[in-house]
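Number of protein chains: 2
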Amino acid sequence: MPSYKAPVADVSFLLTDVFGIEQYGSLPGFSDLSGEMIDAIAGEAAKLCEEQLQPINLSGDREGCVRHADASVTTPKGFKPAFRNYVEGGWLSLSANPDYGGQGLPYTLAAVVNEFASSANMSFAMYPGLTAGAIAAIDVHGSEAIKATYLPKMIAGTWTGTMNLTEPHCGTDLGLIRTRAKPNADGSFAITGTKIFISAGEQDLTENIIHLVLARVDGAPEGVKGISLFVVPKFHVNPDGTPGARNGVACGSIEHKMGIHANATCVMNFDGATGYLIGEMNRGLNAMFVMMNEARLGVAIQGLAQSEVAYQNAAAYAKDRLQGRALTGTKAPDKAADPIIVHPDVRRTLLTIRAFNEGARALVLWNALKSDVAHRGGDAAAREMADEQLGLMTPVLKGFLTDRGFDNCVMAQQMFGGHGFIEEWGMSQFVRDARIAMIYEGANGIQALDLVGRKLPRNGGKALMAYFGEVGGLIKDASVDETLKPFAAALQTGVGHLQQASMWLMQNGMGNPDNAGAASVDYMHLFGLVALGQMWLMQARVAAERLKAGPDAAMSTKLTLARFYFERMLPETALRLARMQAGAATVMALPAEAF
Amino acid sequence: MPSYKAPVADVSFLLTDVFGIEQYGSLPGFSDLSGEMIDAIAGEAAKLCEEQLQPINLSGDREGCVRHADASVTTPKGFKPAFRNYVEGGWLSLSANPDYGGQGLPYTLAAVVNEFASSANMSFAMYPGLTAGAIAAIDVHGSEAIKATYLPKMIAGTWTGTMNLTEPHCGTDLGLIRTRAKPNADGSFAITGTKIFISAGEQDLTENIIHLVLARVDGAPEGVKGISLFVVPKFHVNPDGTPGARNGVACGSIEHKMGIHANATCVMNFDGATGYLIGEMNRGLNAMFVMMNEARLGVAIQGLAQSEVAYQNAAAYAKDRLQGRALTGTKAPDKAADPIIVHPDVRRTLLTIRAFNEGARALVLWNALKSDVAHRGGDAAAREMADEQLGLMTPVLKGFLTDRGFDNCVMAQQMFGGHGFIEEWGMSQFVRDARIAMIYEGANGIQALDLVGRKLPRNGGKALMAYFGEVGGLIKDASVDETLKPFAAALQTGVGHLQQASMWLMQNGMGNPDNAGAASVDYMHLFGLVALGQMWLMQARVAAERLKAGPDAAMSTKLTLARFYFERMLPETALRLARMQAGAATVMALPAEAF
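In order, the protein sequence lines correspond to chains A and B. Numbering-wise (our numbering), the first sequence opens with residue 79 and increments by one. Numbering-wise (our numbering), the second sequence opens with residue 79 and increments by one.
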């Protein structure tokens with residue numbers, strides 16, 4: 079039976095010591111946020127996740143969701159009371175708009191809670207997670223009437239929300255959407271069509287479900303410029319705000335998936351369902367895309383979260399499992415064998431995962447802070463710059479963290495030998511659950527294209543230039559410190575590769591977009607490697623400083639992890655650059671039929 | 079619904095054109111083996127695998143094996159007739175000893191059939207696969223009486239075989255085995271203990287099951303030097319050779335696994351079961367290890383096999399799925415969108431898998447031929463050298479091919495977007511089935527240790543020196559050809575890294591074994607990358623030669639794949655070397671409790 083302990087101390091170290099969250103005190107929601115308050119909030123969230131969400135993770139996977147003949151869906155045992163407790167603990171309303179009952183705390187704190195909840199129970203965390211996304215979409219784009227109707231109930235967790243984008247013939251290419259919206263006389267629309275892969279599309283946790291649906295209004299232009307966004311409640315809402323008659327939307331079936339079994343992934347059938355336009359007509363994709371950075375950051379967090387819980391269980395197993403003897407001689411003579419943690423390759427594996435986790439957590443929180451600045455900052459220029467930087471890093475976060483998060487789960491599973499393959503041990507579930515994060519919310523190949531095709535060139539490469547300035551300054555500062563010098567030098571090499579790679583893209587990708595396409599995934603990983611290096615240098619700087627005051631086991635560990643990262647992980651940048659520079663000629667050489 | 083087409087033409091190209099199998103004509107079993115005969119045999123095997131094994135793969139995964147209250151086990155629908163047809167087609171007896179009813183054909187051909195069967199249905203292929211292993215063990219170590227009793231029935235497929243090594247507290251470290259063997263008055267033994275993870279431990283395919291069991295004879299020395307090997311039939315064998323009364327061995331339960339659901343992975347309880355010693359007492363591990371190279375090569379083949387079938391399905395989907403438009407402008411104006419094969423990143427992914435597959439298949443067959451020479455060659459020196467070389471390459475084959483095979487299945491699954499996560503599409507099964515190959519028959523970390531700790535230093539590094547001679551000669555020959563020159567240069571760089579790495583291990587691993595341990599997995603992958611480079615240069619040489627005679631689409635594709643391999647895949651050797659050279663200091667720096 080796997081276990082989980084939320085990394086409260088690491089969050090505290092990052093937000094307080096590394097990122098100096100008190101500097102953000104002028105932003106709404108940040109004013110009262112002392113280190114103690116962060117610890118208290120994270121500690122409470124940890125408790126809920128460890129004690130209530132984690133214990134129903136394995137059973138939820140085994141049990142799955144069940145659809146009944148009347149199209150209702152039952153979630154696994156324990157999910158209903160856990161959802162109640164999650165909501166009553168204030169975790170869903172944490173960063174939501176106070177005008178509608180939210181607590182208005184930073185998005186950054188919501189990201190922390192999201193990591194803990196996703197580690198404890200990814201399937202569960204998706205129910206409030208998707209609701210938070212829908213809340214944000216309605217908050218930004220909804221009319222006052224719609225906001226007043228839906229937001230209080232959703233923020234209170236009385237109703238949940240979903241996102242309905244994909245159709246059988248279109249996922250990435252939403253311009254192909256066929257779901258139709260026919261205007262009704264009263265200004266509403268009748269929505270008809272089939273959506274697939276709708277996470278949390280049906281459940282028994284709440285009295286109503288609010289679907290956000292992309293559809294094409296009759297007569298709208300073809301392609302992406304003819305798509306509008308609608309809110310479609312499962313039950314019509316009575317004038318007094320209570321759920322009324324059933325609307326024309328129902329779950330047609332639940333998908334049989336590789337993982338996240340406890341989240342109902344539904345085929346949703348809309349049969350003349352009443353929907354209400356959100357935002358401008360034919361600008362539905364734009365309305366969805368406003369939420370994209372946070373939604374993608376949320377998926378990146380899932381990659382980190384599965385990697386973290388997989389690491390914890392692998393480390394515990396490695397310290398417990400007795401098998402063989404250390405290469406350098408017996409370490410536990412009183413036992414039949416040494417614990418496998420004595421083996422260098424076991425440690426190498428664990429350190430690879432851990433150095434990722436603590437770097438990735440920093441990168442998530444660093445960018446969550448940028449999201450808070452982008453949405454709450456007082457200074458328009460600072461807001462815009464934060465938004466640009468977050469936009470640049472979003473595909474890196476989503477693609478890199480979920481690719482590596484999955485790989486790490488596989489590595490952690492490997493530590494268990496044959497037991498890793500047996501479902502009762504729980505390691506298989508981490509792998510299977512983590513797998514979806516590489517796919518949904520824009521498959522990782524699409525993230526890479528978004529990075530090289532849209533984010534890099536945007537505004538003349540302003541965000542990238544700002545990034546190089548930021549990391550360059552860090553390297554310069556660190557280079558004068560004896561402890562940090564080798565780390566700074568390693569990071570400088572990585573940054574050099576990223577600069578060469580960016581230059582190569584500019585010189586070779588404009589004239590022949592296939593060069594950019596063939597290089598895109600390697601560039602995304604190269605960027606991610608450098609970004610994690612930046613996060614490790616920032617952490618090492620604080621650790622080195624604190625160690626000057628005397629011994630500190632946690633800070634010594636941080637320095638060792640930083641050293642491991644710079645010695646063994648960051649050097650991958652050279653390989654990524656070399657692959658990019660191979661160009662598209664060979665990649666595109668074969669006729670399609672040769673595949 | 080996934081599909082599969084066995085790569086008969088590629089096998090034919092490799093065995094006939096690249097490896098010149100006619101040169102082996104003097105070996106027993108090879109004499110009549112013309113190109114036409116290979117095509118005919120491979121073609122027949124392909125037919126069975128495509129038409130009978132593949133169609134019950136997905137259903138077998140869904141259905142799984144069921145254990146009943148009487149400890150009997152039912153395999154999924156269709157497995158029984160398919161097994162009959164497999165046996166009657168002569169596929170189980172293909173390379174078995176003619177003295178006991180085998181056909182005596184090369185092991186190399188059995189490896190070909192094993193690839194096809196594993197691609198079509200990995201769970202199924204394990205039933206005959208484990209039987210073949212047990213047959214080989216009994217053939218080498220059994221007394222005449224035991225061989226006469228068991229081999230004819232097993233080779234005829236009337237009975238199957240299993241391997242019983244692992245116990246709950248010991249997998250890698252077999253010295254910890256607790257299963258006891260108590261001598262009976264008649265020279266047999268009473269075996270008592272519990273074995274876990276026993277593939278094909280119980281089934282309804284055959285009238286008897288012959289278990290090979292590692293156990294400790296009462297009073298035997300502690301550790302690995304006190305383990306003996308026994309044959310334990312499920313049903314006692316009557317004097318007339320028919321199955322008699324039930325023996326004291328039964329399936330206690332079936333494991334719930336991540337994959338290979340259609341193969342019954344059993345907990346086997348031995349309760350005073352009658353067993354017969356095979357080979358010398360207390361030398362049971364040696365008896366098992368004689369079979370190890372072929373058993374591990376068999377698992378390596380599973381890695382290749384899943385990668386191959388995953389590739390085929392991903393390539394078909396990429397040519398079929400319409401989504402978005404090519405970066406360089408619309409390619410299918412008559413359709414709503416272009417097939418996703420137009421995208422460089424889709425091609426890059428497919429080529430990465432394909433270049434692995436065709437390189438790995440070559441490496442498997444190249445080493446299968448070495449196995450045939452080692453076991454059948456007339457010249458003792460040649461036999462010994464082949465055995466040494468096969469021994470050196472065995473951990474590379476097992477570790478590298480299964481690590482990459484799994485990664486490739488994940489990449490192929492990714493091509494399907496959300497559909498890849500849905501079980502009905504079959505891509506998830508390839509990933510889940512491929513996962514076990516990294517674990518069993520010695521987890522890949524153990525393979526890497528075997529490589530650096532045992533195989534490299536053996537006989538003063540003779541096998542490695544021979545390897546460098548072999549690949550050096552190839553590079554020298556190829557360097558004079560204009561087409562091959564850049565490939566040869568790239569391979570020379572990779573070989574240089576492997577030489578540096580080997581030197582580094584000698585200089586740093588002897589004094590401090592932790593350096594060898596920390597470097598082992600990177601060295602294994604570095605070796606695998608170079609070995610695949612060698613295979614690609616050998617194939618490119620033939621392709622370049624044949625293209626001189628005129629256009630040949632298949633040979634042009636081979637050259638493109640070779641180019642892709644040398645441009646984008648082989649450069650990873652530099653990263654692997656750099657990681658190794660980081661040494662063990664940081665890896666071993668933390669106290670165990672810091673993990």
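Derived from the structure by calculation, the hints contain no laboratory data. Heads up, some of the hints might be wrong.
To be verified - Calculated pairs, BS3-like style, for lysine-lysine (alpha carbon to alpha carbon, straight line, at most 25 Å):
| id | chain 1 | residue 1 | chain 2 | residue 2 |
| --- | --- | --- | --- | --- |
| 1 | B | Lys303 | B | Lys409 |
| 2 | B | Lys540 | B | Lys563 |
| 3 | B | Lys260 | A | Lys303 |
| 4 | A | Lys225 | A | Lys260 |
| 5 | A | Lys303 | B | Lys409 |
| 6 | A | Lys563 | A | Lys540 |
| 7 | B | Lys413 | B | Lys303 |
| 8 | A | Lys409 | B | Lys303 |
| 9 | A | Lys413 | B | Lys158 |
Now for the hints, and whether the structure bears them out:
no.	hint	verdict
1	B/Lys303 x B/Lys409	67 Å, violated
2	B/Lys540 x B/Lys563	28 Å, violated
3	B/Lys260 x A/Lys303	80 Å, violated
4	A/Lys225 x A/Lys260	23 Å, holds
5	A/Lys303 x B/Lys409	21 Å, holds
6	A/Lys563 x A/Lys540	28 Å, violated
7	B/Lys413 x B/Lys303	69 Å, violated
8	A/Lys409 x B/Lys303	21 Å, holds
9	A/Lys413 x B/Lys158	46 Å, violated
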